[in-house]
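Trainee: Sequence:
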Amino acid sequence: MPLVELVRLPSGVEAELLRGRLESAGVPAVCFDAGMNIADSVGLMIPVRVMVLDEDLDNARALMLEFGVS
1182 MPLVELVRLP SGVEAELLRG RLESAGVPAV CFDAGMNIAD SVGLMIPVRV MVLDEDLDNA
1242 RALMLEFGVS
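If you want our numbering, it's the 1-based position in the sequence shown plus 1181.
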């Protein structure tokens, strides 16, 4: 059950909101590199990666479209 990258987001807050929405829909997710993205201008250099299980990737992508996240 490897983790795969779902999306990279410039904002840690945005990434955590997406993670929470995915988890509330039954898709476990984690945010990588959130601690590296604490300054406002750092987001473009070090985006936060939202990771999901490989078997949940298709479902997570469909949920992202439903949530309006691109």
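Derived by calculation from the structure, the hints in this document are not laboratory data. Watch out, some of these pointers could steer you wrong.
What the hints assert, rightly or not - Pairwise CB distance ranges (calculated): (1) Met1182 x Ala1206: 16 to 22 Å; (2) Glu1236 x Arg1189: 26 to 32 Å; (3) Glu1197 x Leu1234: 15 to 21 Å.
Glycine included, every Cβ here is placed at the ideal spot set by N, Cα and C.
Trainee: Can you tell me whether the CB distance of Glu1236 to Arg1189 sits inside 26 to 32 Å?
Mentor: 21 Å, violated
Trainee: Please test the hint of 16 to 22 Å on the beta carbon pair from Met1182 and Ala1206.
Mentor: With Cβ atoms ~18 Å apart, the hint holds.
Trainee: Given the hint of 15 to 21 Å, check if Glu1197 and Leu1234 actually sit that far apart at their C-beta atoms.
Mentor: With a Cβ separation near 18 Å, Glu1197 and Leu1234 satisfy 15 to 21 Å, so the hint holds.
Hint violations for this structure: number 2 only, all remaining hints satisfied.
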